[in-house]
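**Q** Given only the sequences and the hints, what does the whole structure look like? Please build it.
Same order as they appear, the protein sequences are chains A and B.
Everything in the first sequence is counted per this note's numbering, starting at 1 for the first residue and increasing by one.
Everything in the second sequence is counted per this note's numbering, starting at 1001 for the first residue and increasing by one.
Since the hints were derived computationally from the structure, they do not count as laboratory data.
Yeah, the Cβ is synthetic: ideal placement off N, Cα and C, and Gly gets one too.
Don't take every hint at face value.
Claimed, not checked - Straight-line C-alpha distance at most 27 angstroms; calculated BS3-like pairs for lysine-lysine:
| # | chain 1 | residue 1 | chain 2 | residue 2 |
| --- | --- | --- | --- | --- |
| 1 | A | Lys25 | A | Lys145 |
| 2 | B | Lys1153 | A | Lys30 |
| 3 | A | Lys86 | A | Lys25 |
| 4 | B | Lys1223 | B | Lys1187 |
| 5 | B | Lys1217 | B | Lys1269 |
| 6 | A | Lys148 | A | Lys95 |
| 7 | A | Lys84 | A | Lys144 |
| 8 | A | Lys103 | A | Lys25 |
| 9 | B | Lys1153 | A | Lys84 |
| 10 | B | Lys1217 | B | Lys1187 |
| 11 | B | Lys1153 | A | Lys86 |
| 12 | A | Lys103 | B | Lys1217 |
Said to hold, decoys possible - Far from chain A by the CB rule (all over 10 angstroms, computed), these chain B residues:
| # | residue |
| --- | --- |
| 13 | Glu1121 |
| 14 | Arg1141 |
| 15 | Thr1175 |
| 16 | Thr1192 |
| 17 | Thr1224 |
| 18 | Ile1232 |
| 19 | Glu1295 |
| 20 | Glu1301 |
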Amino acid sequence: MKKTALLPVFLLALALTACGKGGGKDVDMKTLSANLQETVTSGALAEVSADILASTYFLDMEQIEDSLAALNSGANACEVTIVKCKDNSYVSEVKDLFETRVKNQSDLFASYNAGEVTKLEQALIESSGNYVVLCVTDDTDAAKKILKEAGF
Amino acid sequence: MEPKKKRSTRHQRRSSLIINVLTLIVLVLVVFEGKSLISLFSRQNIQERIRQEEEEVFREANLLPTETEAPPETESKAQTTEKESVLRETETEAATEPPESGRENGIPDGGDAYMDIVVPEQASAVDDTYFSDAVFIGDSRMEGFRNFSGITKGSFLTAVGMELENFYTTPQIPTAQGTMLVMDALKNINFTKIYMMLGTNELGAYNMEDVKESYRKVLEDIKTRSSSADPIVYVFSVVYVEESLVQTGDYVNNANVDAVNLKIMEMCKEEGYHYINLNEVLSDGYHSLIPGASEDGIHLEQPYCQKWLQYTKTHYLSTV
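**A** Structure (structure tokens):
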């Protein structure tokens, strides 16, 4: 009887802690982006407009609730982009579009600046709930750690 | 009496254990899900947070100038970026101010003969809508301009490594399905203005006359894709480099920048194109890029891309 009484409490605890990996948890996109940008050492990144973001990744902005992209001066392949989809069903498509972006960049940099291809090969594309992150950086291990701490 | 006492102790221990477990769960919930719990039980808290975030956004927006006329809902972030850039530009103005006297104006030696094709400064700047029917085509430097300047209108066909030599052969314009040739990508764009910047990747060319002819051919072909029978063709000068920082080859030097720009000016004169002399504001006054304008000596930092945009907004054909 007493064990039965404890069951709802555990279920509640499980349900609430499950939010950590689900769509319910909010990500502080500015802080996450700033932290990831600190792992980029080969040149400063700058935040671009939503229009530039859309045309860079071919995202359907109708399906995006919020976004933040920091791109580079054209000198290297580093970039940090975070999007929050309105619905979880769009997440996998965003990941595919990020994969295509990485492949396109790899093809271009292969003949222009082959050193950048290594970074692109280690590009991080991670999702958590409705959020998707693309990070091309000089220090992938540090970026991985940051993403893990942020729940990705 | 004694057994009764034992039962009582066991009961107390069990109760104590349950209380401890519950306390532990509550503590875990408070620590890891405190925010969620508070939100669950406090609508006011949520509203307060939304209000605070709104205030923060509005506060940032108030810092921005009012030049761009795009709809606020879709371009607020772009406007913010542009305005922040203008502020930063003002801060760096003293460091980047072009030289006063006795220095060159960004025109290569011999270029004075072609000054009539150099786009003059207009009394007032256009806003971004001027670029709505424009296509910007160029290499990684143009890509940096797209990313960093804060421009909100226009179509961009840019790629790192784009050059006249691979213009027709290498698919390099990104799409959702892969990359395509510039000429194919142009089929999907309505444009009556062309802003072109190539030449940096040609600085190692043995014969600048060949570069001129290739550039002429490329622009002729691009014009055929325009929705206008007579599109306006603006050609950006190749921007100077900071030689001491360049690591891609010693051919990337300012003597070659001047050489290629002279050929571009000749082509513009012959074809009736319009030369935008970016080096007027990006030169240190001695045939070189402003020191500190680029981390690698070639690609411009954000304040200088903003300067580039501002220059483009004040240098256009007044008849348009």
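**Q** Work down the list of hints and note, for each, if the structure agrees.
**A** Status of each hint after checking the structure:
Between the alpha carbons of A/Lys25 and A/Lys145 the distance comes to roughly 19 angstroms, so the proposed pair stays at or under 27 angstroms and holds. Taken as a hint, the B/Lys1153 and A/Lys30 pair is honoured in the structure, with Cα atoms around 25 angstroms apart against an allowance of 27 angstroms. About 13 angstroms separates the Cα atoms of A/Lys86 and A/Lys25, which keeps this hinted pair within 27 angstroms; it holds. For the suggested pair B/Lys1223 and B/Lys1187, the alpha carbons sit about 11 angstroms apart, so the restraint of at most 27 angstroms is met.
Taking the CA atoms of B/Lys1217 and B/Lys1269, the gap is near 15 angstroms; set against the 27 angstroms cutoff, the hint holds. The suggested pairing of A/Lys148 with A/Lys95 holds, with an alpha-carbon distance near 17 angstroms, which does not exceed 27 angstroms. At roughly 19 angstroms between alpha-carbon atoms, A/Lys84 and A/Lys144 fall within 27 angstroms of each other, so this suggested pair holds. Distance check on the hinted pair: A/Lys103 and A/Lys25 sit about 30 angstroms apart at the alpha-carbon level, beyond 27 angstroms; violated.
About 24 angstroms separates the Cα atoms of B/Lys1153 and A/Lys84, which keeps this hinted pair within 27 angstroms; it holds. With a C-alpha separation of about 18 angstroms, the suggested pairing of B/Lys1217 with B/Lys1187 holds against the 27 angstroms cut-off. For a cut-off of 27 angstroms, the pair hint linking B/Lys1153 to A/Lys86 stands: about 25 angstroms separates their Cα positions. A hinted pair counts as satisfied when its Cα atoms are at most 27 angstroms apart, and A/Lys103 with B/Lys1217 does not qualify at roughly 30 angstroms.
Distance check for B/Glu1121 against chain A: the nearest CB is about 26 angstroms away, which clears 10 angstroms, and the non-interface claim stands. Here B/Arg1141 does not stay apart from chain A, with its beta-carbon only about 6 angstroms from theirs, under the 10 angstroms limit. Chain A draws B/Thr1175 into its interface by the beta-carbon criterion, the shortest separation being 7 angstroms against a cut-off of 10 angstroms. Here B/Thr1192 stays apart from chain A, with its beta-carbon at least about 19 angstroms from theirs, past the 10 angstroms limit.
Against the 10 angstroms criterion, B/Thr1224 stays outside the reach of chain A, whose nearest CB is about 24 angstroms from its own CB. Annotated as non-interface, B/Ile1232 keeps its C-beta farther than 10 angstroms from every C-beta of chain A; the closest such distance is 22 angstroms. Against chain A, the non-interface label of B/Glu1295 is violated: not every CB pair exceeds 10 angstroms, the least being about 5 angstroms. Not every beta carbon of chain A lies more than 10 angstroms from that of B/Glu1301, the smallest distance being close to 6 angstroms; the non-interface claim is violated.
Of the numbered hints stated above, those contradicted by the structure are hints 8, 12, 14, 15, 19 and 20, listed in ascending order.
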